[in-house]
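**Student:** Throw the hints in and build the complete structure from the sequences for me.
Note that the protein sequences, when read in sequence, are chains A and B. Using this note's numbering, the letters of the first sequence correspond one by one to residues 117 to 250. Using this note's numbering, the letters of the second sequence correspond one by one to residues 4 to 244.
Just so you know, not all the hints are guaranteed correct.
[As the list claims (entries may be wrong)] Chain B is faced by these chain A residues, among others (derived, beta-carbon under 7 Å):
#1 126
#2 127
#3 129
#4 131
#5 134
#6 166
#7 239
#8 241
#9 244
[As the list claims (entries may be wrong)] Okay, derived cross-link-like pairs now, DSSO-like style, lysine-lysine, Cα gap no bigger than 27 Å in a straight line:
#10 B:113 <-> A:240
#11 B:150 <-> B:81
#12 B:150 <-> B:85
#13 B:231 <-> B:150
#14 A:122 <-> A:171
#15 A:171 <-> B:85
#16 A:122 <-> B:113
#17 A:122 <-> B:150
#18 A:122 <-> B:85
#19 B:85 <-> B:231
#20 B:231 <-> B:113
Simulated from the structure, these hints should not be mistaken for lab results. A virtual CB, placed ideally from N, CA and C, is assigned to each residue, including glycine.
Spelled out from the first residue to the last, the chains are:
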Amino acid sequence: MTTRRKYFIFIALVVAVLSYFTYDAMKGAAVYYLTVTEAVGQSSDQDTVIRVNGKLVQASFVRGGDRIESHFDVTDDISIMTAHFSGVLPDLFFNENSQLVLEGSFDEESVFQVQNILVKCPSKYVAEEEKSSA
Amino acid sequence: MTLIKKLCMPICSAIGNFWLLLAGVLLVADLWVIFLWAPRDTALGDIQRILYLHVPAAWVSFFAFFIVFCMCTWYFIKRSDKADRIAHASAEVGILFTTIFLLSGIIWAKPVWGVWWTWDPRLTTTLIMWLIYSAYLMVRAYAGSDKRAERWSAVIGILGFFNIPIVYASTIWWRTIHPQQMVGPASDPSNALPDPMRITLYFSVLVFTVLFFVLLNIRYNILSAERKIAIIVDQSNHERV
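**Tutor:** And the structure:
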């Protein structure tokens, strides 16, 4: 019985410690993305590759000369950040419910040079029939 | 011949066949509901239908590993062979559904997010879950058939469970690209699914759960039969000596 109890105490301890470490590590070090405001605050740092989450400012979108260059602003409703991307845009890029997650880094002019665009789709799904009848 | 019959009986018993047949019929019905009955999503189109495979697979994974956790705990309290076999069977089926969970997510991610994989908290913790229970099965496979293998794997089965609440809550606790919960206690009412979509999802969860129990039962019976064979072989070896 005492050995078994020791087993349980040991297991409970390991579980508690592992859970705490996992929670703590994920909370601090592994923030998946920054908000636009947080990113703008560290725009002087040009070496670090970061992810930034924001909404596309639809009116700001401009195609560059050779058609795969795009310039646009993203916002979190507090700050606005200018970004530049060279490449094919994802399907849901212009969807007004989409949020963008941009991977890249700032250049000397504080323009965010995007390497990769991810689209954070809305968590809400709407049936097509419902919409057409509304 | 009678021995083979005896061993196969629990695997293909009448009750077992009934549930197998039921699961088959339900799966076909589920496909019909998902692909023909459920409405298309306005923004994502047909890709959104992956939801009806992805979420039920996730639910069954969590449920399977919860059973592993309970059975491993029971094994430590009672040293029950039966609990050990249920845990083993449940971990195997759980890994299968976690694989479906991960793969369906990957297929979703490419057209919707734009990448096959990203190190987002939900994705990362799910992969960790997959690795933990792969480790559980590896310990079972490589540590031999003695009691030590059962004890070691039971420790992993209990410790590994700490990750499952983290997987579930990862989209609430941390910033993530993964959509928020749409059903269940942690969901935001403003994200509520339209009724036909919710019915489809619930039906699919039900079907996957039935399928889980059918597979669990088959695997459990095979493991029990293997054990019986091992005992018989052991006895006949002793008799020869």
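**Student:** Which hints from the list above does the structure break, by number from lowest to highest?
**Tutor:** 1, 3, 6, 14, 15, 16 and 20
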